[in-house]
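Given the structure of chain A, go ahead and fit chain B onto it with the hints provided.
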Amino acid sequence: MPALLIKNGRVIDPASRHDAVADVWIEDGLVKGVGANLSPAGAQVFDATGLIVAPGFIDMHVHLREPGFEHSETIESGARAAAAGGFTSICPMPNTAPVNDSATVTTYIVEKARRHAIVNVFPIGAITRGSLGEELAAIGSMRQAGAVGISDDGRPVMNAQLMRRAMEFARSFKMPVINHCEDLHLSAGGDMHEGAESVRLGLRGIPGSSEDVMVARDILLAELTGARYHVAHISSRHSVEMVAFAKLKGLAVTSEATPHHLTLTDAGMIPYDSNYKMKPPLRSASDVNAVVEGVVNGAIDAIATDHAPHAGSEKMQEFEKCPFGIIGLETALGIALEHLVHSGKISLGRLIEMFTVNPARILSIPRGTLAAGAVGDVTIFSPDRQWTYDVNKSLSKSRNTPFDGVSFHGGPIATIVTGKIVWQA
Amino acid sequence: MKGLLGIAELTREEVQAILDRARHFQVGPGQRFRKFDLLKGRMVVNLFFENSTRTRTSFELAAKGLGADAVSITAQASSVSKGESLVDTLNTLGAMRPDAIIMRHSASGAPHFLQRHLGIPIINAGDGTHEHPTQALLDARTILDRGKSLEGLRVAIIGDIAHSRVARSNVYLLSKYGAEIVLCGPASLLPIELRQLAPGVTLTTDMDEAIRGADVIMMLRVQLERQHEAAFPAGEYFPFYGLRLEHLKLAKPDAIVMHPGPINRGREISSEVADSQRSAILNQVENGISVRMAVLERVLGGDANAGAAH
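Top line first, the protein sequences correspond to chains A and B.
Residue numbering for the first sequence follows our numbering, beginning at 692 and increasing consecutively.
Residue numbering for the second sequence follows our numbering, beginning at 86 and increasing consecutively.
Just chain A, same shape as in the assembly (with noise of 0.2 Å):
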């Protein structure tokens, strides 16, 4: 394979505290340099004059419904649109059937990724045996065989002694515990935001109380244990403030928000639609606030999508029969650039950092920084073009989105993987 050379884009690289206009290049799969000028023999070029050039994108939370439930995703067609949205890498969450509870189910999707994901693919074990909340999974094997942290996502663990008992012997393997953070039974039935929207709308709310307990519980056990433990998709505002604290108190707490956490309140949902249900839900306006200053002030460390397809069909259904999620890799980017950029909250580096080195560092990755001697992983992105949605055009099997038809300002230009480019705009 020729040497790639991006040359003239903007490098914002925050690992490495570079941010100047610049050349990248690549050789083997590698960083080589990046620099003024550079002149590799033989390479192909890529002109990224007004574009940004930085580390690949990770997305810590995804759902690629492989093995199992392939009618809504695989893995070959959820990497696709990984790469469409900008994104190098990928965790898949456990939650397929079988569980990815072993060494062997971890095998399984380590392997099928090599054959036919276009980007890098690093699983997400269970905590528990099929998340069932009762005993331990096979942790320390699944650590072997490729996953990077562990999660019971969408079944978080109720029993406390349980959860502690993943936190210690996570931590001997230096896995961080990623919790969906609910506790099931004050959620239990709910299908939106418990508020003045659900009790007008006439649905069963899932309170933000629901979220917050299981955080303050987990936020306890790590410091009990010592372990590294990262709230997923964190949603409402005391969450965010506990969160807060616990990493003032030094802790090793982390947390992630999705896209439309930070931009979506349940009072702008299309009543009944779909679209708009997902868990944790949309929540107040507060909340939303919160959570976009939690992105603000360093709460919150990583942006990722919770890119959960459902077919058509699952989704066409009673509001209280239809399964929680949205798809969310391709327009990701579009929506940060939007909310959290173009509206002046943070700088593109900032923007940048949780996209890339934050999410590998907390999973322990080799990625995240176009330093020499990387993998040659990169996102090129546009911070302006304008472009509007079309998720009949997705590259995802599923079509369950609110964002269908929105324009945004700036957008995924190109995505290179291993010194490759696997798509572009």
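Rather than coming from a laboratory, the hints here were simulated on the basis of the structure.
Since the structure is predicted, the reported quantities are computational estimates derived from the model, not experimental observations.
Heads up, a few of these hints could be off.
[Stated by the list, open to error] Covered stretches of chain B (chain A as the covering partner; in silico rule of three or more C-beta atoms under 8 Å from a C-beta of chain A): (1) 191-197; (2) 208-220; (3) 267-279; (4) 370-379.
[Said to hold, decoys possible] In silico negatives: residues of chain A with every beta carbon more than 10 Å from chain B: (5) 706; (6) 723; (7) 788; (8) 850; (9) 907; (10) 928; (11) 936; (12) 1034; (13) 1109; (14) 1113.
Even glycine gets a Cβ: it sits at the ideal position worked out from N, Cα and C.
Below, chain B without anything else, positioned relative to chain A:
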């Protein structure tokens, strides 16, 4: 193409027009309902995914009273029990070209969701815990028939407010007339956000306070089937939130008692109250027919051109 999904979407003028028109279809005590041919040649489908005797029968009689054909389908008898999705069921029915579908469903918003995908007007006969527009209309007609004005009326709605579509529709309707609406029930069935439903709403967990000075007392059924966990200790509902004769002394001397039915004697209302002179429960049932005739006429249109298309 305009169905009736909820009271929230109607203006006060639209509500008033239905209430006025319903008088035209009312009959005197002991008389049979008159027959009209205003909707001759029209067809409505009654599609009930939830058990209901009074509402389904009432809609059926209303349609027939206007000369329309009415077909009633209950979920148990339809292909729903064979696993067909709601959208497919409605598309199948739609292919038979009814002029309107009257629908009751246990899921809030089911008719709203369907209306976005279906070109036939839908009349909501109750969706989950959301709205029951014709119930609120017949309640208002009943209040007016008792010589009361909706403006400035003090109405106590008591019971399982959280799970009540009747309460929501009544709140929306009464609020349009500037009524004072007191919602009352145990706090576990009375979310504080109810205050934001519409202007004029206050909340109390104290039944005496709710009834004091009331013109109308609306009792709601305890919807055990919609409560997924116990919202109050066993045996503690009637002692604290059941309506007994002595409560009526707190209300205005001419206050009336209403209940959307079916009533649970000894649970939310004592037999003495249900059978008392103050009870307007049977008037409500009677008005169900005349109000639904007015609603069907409005939705299907008295427009001769619309009829010519058939």
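To see whether the hints hold, each was checked on the structure:
no., hint, in the structure
1, 191-197, "holds (count 5)"
2, 208-220, "holds (count 5)"
3, 267-279, "holds (count 3)"
4, 370-379, "violated (count 0)"
5, 706, "holds (45 Å)"
6, 723, "holds (55 Å)"
7, 788, "holds (21 Å)"
8, 850, "holds (20 Å)"
9, 907, "holds (22 Å)"
10, 928, "holds (17 Å)"
11, 936, "holds (27 Å)"
12, 1034, "holds (28 Å)"
13, 1109, "holds (44 Å)"
14, 1113, "holds (37 Å)"
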